[in-house]
Amino acid sequence: MTHRIRVPHAVAVLLLALAAAGARAADWSVDQLMQSLAQIRAERATFTEKKFIAILDRPVESSGELLYRAPDRLEKRTLKPRPESMVLDQNLLQIERGRQKLSLPLQEHPELAAFIDSIRGTLAGDRKSLERNYRLSMEGGAQQWTLQLVPLDEKMLAVVKQIRMTGVRDAVRSIEVTQADGDRSLMLIERMAKP
Amino acid sequence: MTPRPARRGRIAIWLWLAFLLACGIVISRSQFSADLSAFLPRNPTPAQQLLTEQLREGLASRLILAGIEGADAPTRARLSKQLAQRLRADPAFVTVSNGEPVNAERDRAFLFNHRYLLSPAITPARFSVDGLRAAVGESIDLLASPAGLLTRSLLPRDPTGEVVQLLMQLNSDSRPRMIEGAWASRDGAHALLLIRTRALGSDIDAQQAAMTAIREAFAAVAGAAPAARLLMTGPGVFSVTTRETIQQQVHRLSLISIVLIAGMLGLVYRSFTALLLGFLPVLSGALAGIAAVSLGFGVVHGITLGFGTALIGEAVDYSIYLFVQSERGAADPRDWIGGFWPTIRLGVLTSIFGFASLLLSGFPGLAQLGLYSIAGLIVAALVTRFVLPHLLPENFRIHDVSALGLALSGVVRRAAALRWVAILLLLGACAVLIAQRGNLWNNSISGLSPLSQADVDLDTRLRADMGAPDVRYLVVVSGASRDLVLQHAEQVSAILQTQVDRGVLAAYQSPSRFLPSAATQRARQASLPAPAELEARLAQALRDLPLQPQRLMPFVADVAAARAQPLLQAADLAQTSMAMAVDALLLQRGTQWSALLPLTAPPGADIDAGRVRDALRGAAVPHALFVDLKGESDRLYAGYLHEAIVLSLGGLAAIVVLLLAALRSLPRVARIIVPLAAAVLTVTAGLVLFGQRLIILHLVGLLLVAAVGSNYALFFDRLYRSSATASGAAVPAVSPRTLASMLFANLTTVAGFGVLAFSKVSILQAMGVTVAPGVILALLYAAMFADKRHA
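If you read the sequences in order, they're chains A and G.
Heads up, the first sequence is in numbering that gives the first Met the number 0, so the first residue is 0 and it goes up one at a time.
Heads up, the second sequence is in numbering that gives the first Met the number 0, so the first residue is 0 and it goes up one at a time.
Bear in mind the hints are in silico, worked out from the structure with no lab data behind them.
It is possible that some hints are incorrect.
Quick list of in silico lysine-lysine cross-link-like pairs, BS3-like style, CA-CA up to 30 Å [to be verified]:
(1) K80/G with K100/A
(2) K80/G with K154/A
(3) K127/A with K80/G
Covered stretches of chain A, as calculated for chain G (at least 3 residues, CB under 8 Å) [what the hints assert, rightly or not]:
(4) 49 to 57
(5) 75 to 82
(6) 95 to 101
(7) 163 to 173
Since the model is a prediction, treat every value here as computed from it, not as a measurement.
Note that beta-carbon positions come from the ideal geometry of N, C-alpha and C, so glycine has one too.
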């Protein structure tokens, strides 16, 4: 009996090992990602963004800095092609462009709100807030994860088809937004050394 | 009695009744008002005229700011939405804003459809090859920004970004915080609504109806949330509150005065008939006063009625003198008429001379008080003299007060010994006044406001939460037509924009922003090239941009349509958020139009009025007026205060002249004036010591102290004159009764004005705290300083 058991035992050990590996991969769950993101109190990063827009012959590119302070302040400082700052503080989005200032309460612009909340919610590791608007799904492991967000609301879905974020452990590396009409944007993020 | 006086008596009574009837008719047709405008100028400068209009029907007069407090944030937001929904269905309200995007669709459509008439960026240069390249390039850049999400779909029709331009303008006004989809205060503890009534702010009945409608709507939606409370503020609410406060106060104060005075006189007279008869002159005087004000001013202010309650205390004096001074047992009052009437007549005349100066005031409120007092006192005195004696029954008698009088004369005889104390007190008073001369007066017009501090605080708080501009600085342009003032407003806007660029101003508003003048709209249309030309230029402009010209055919079509588009009219704004801005900033008065351009100060700083004025002057825009509303109203008030001081001094001078003419003796006049002056100085010093900053109504109170006090001083003068001329023995019976009558008269006056001192209306309170102690002091000083060489 013992002999008969041994081979399966090896298989079992192998399976267990595999299962353990699998479990570890599955362990890097949405919850785990959210927990490690929630640890971050403040973050500074550079970004480059490309927007692929159907009516334009080539994508528009922009670059600049991202600043995040937990739990609900996100600042996007675009330096190129022209300086612009966008500050999201609580529920007010303020855009400053040269002498022009625009403040947009997020409630009045749901499509903008959904998009921006996805980034902020992810950075804050706020699963609840994300799940209010999106269906979340996770692929990959801690070293290379991809989080996919699909809007729940029909109206939102008519604007944004899906948002894909990739990253390494607690660092978000890219955000890709695909819009319902096929236009999409890809933002690459590089964490900056802590000051 | 002989038949002749009886017949004359009947005539007097009939005349009196006819007069009362006439007064009744006048009063029944009178208009009563309670707004503060009675305390605003009659002959204003243009800036002051504007101030009055602003208060009555201007910029913000139709706004009601409402707050919902209590309960939790989601409940407050829900109540706000439900309340707004109900009120939006009520035609009494033009707009109900609470942050819900109710007009957003229409606003966007309006801005989009009229973008080529509205956008200040539309010039021929913008549609040149270079201009197009720059504008389209910028729009493409904007696509890279988060805002690009909003503008992306507009690009084919609006590649030059005119809608963005307009949205930026619309967006420059600060807005309240949003919680759960509704406006909230900065601390989040209140939900906020901004409600605009159809009725003018000066239409108090309509404002009251609007407030009731809001309260009822709130009660209906808040049934399930008993913790939630509704707060309201705003100019219309203030008018309603003011009127309610004044009405309540006038009712309550007159009732208390009458009960107090009647109680006092009842104790003294111990005769119900005497009590009733004693009030006849008061009633006649009050009716005559109201009727006179109604005839003279067309409208009677509530404050005047409030003042009337105090005058009860003074007018009742005449009957007190008649009843108490009449010889005991001798029901024939002719003795009194012969003996005391001349003194009382002189007393009435001094009062009238004092008040006459108020008639000259440019302040309708003061002039009303003056006319009311004069008419009231004359009629009360005449009724006492010519009617009341005929109404006294044969066996009329009141409780004997000789014992009290005798005791009083003992006191008075010793009063002279207290002169030292009086002089020390007076010196102290003078020292206080000299030390405090710099801050005797309250120079702010808010000192006149009948509003409670709590009301004012609530208003300040909600206004700040709402981000509602504190309309202090304005540029006003006027002209003969709407279009003309819009043109002027555009010229002024250009100047103000340079001031904004230099940081002198944070922002300004102008009705021309959303309703440009016809000339400007035509100029913008003329800047738009014909379709073929536009296509040619676009092809060139887009050469280096990632956008194919054929993608912009919708733009070419829209521009072609805009060239032939009918010009934008005021009616096109209907049902948009912009209509409110334009309506509020354009005023029509007869054939005259004005446009208001409110200015916003840079954060943390004041507006440098000099620089703005200079810039406006430099540009020479016709009829452009820079107004500092607060400065203007304070200047206005300071002017009135100055005028009231001059008039009061004039009134005192008139009293002195009258006394000199009547008594023909400088020492006697001096002895009458000294106690009055002493009382005035002491009571002023007392007010200052108790921390009251004097307003105009304190001054009127002082005038009253002089007017009422003169009666006492005259009686003391008469008392000792008669005892001097009479040869000893006959006199003593008279003086104690006169003394007693003076004490009663004094007490009734103190009661009448003392009640006012507890009023919540600052104007009435000021008069009360001045007159009540003032007349007591006047009586005491008169007793101390009376010439007793012969007594």
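So, going through the hints one by one against the coordinates:
no.: 1; hint: K80/G with K100/A; result: 28 Å, holds
no.: 2; hint: K80/G with K154/A; result: 22 Å, holds
no.: 3; hint: K127/A with K80/G; result: 26 Å, holds
no.: 4; hint: 49 to 57; result: holds (count 6)
no.: 5; hint: 75 to 82; result: holds (count 4)
no.: 6; hint: 95 to 101; result: holds (count 4)
no.: 7; hint: 163 to 173; result: violated (count 0)
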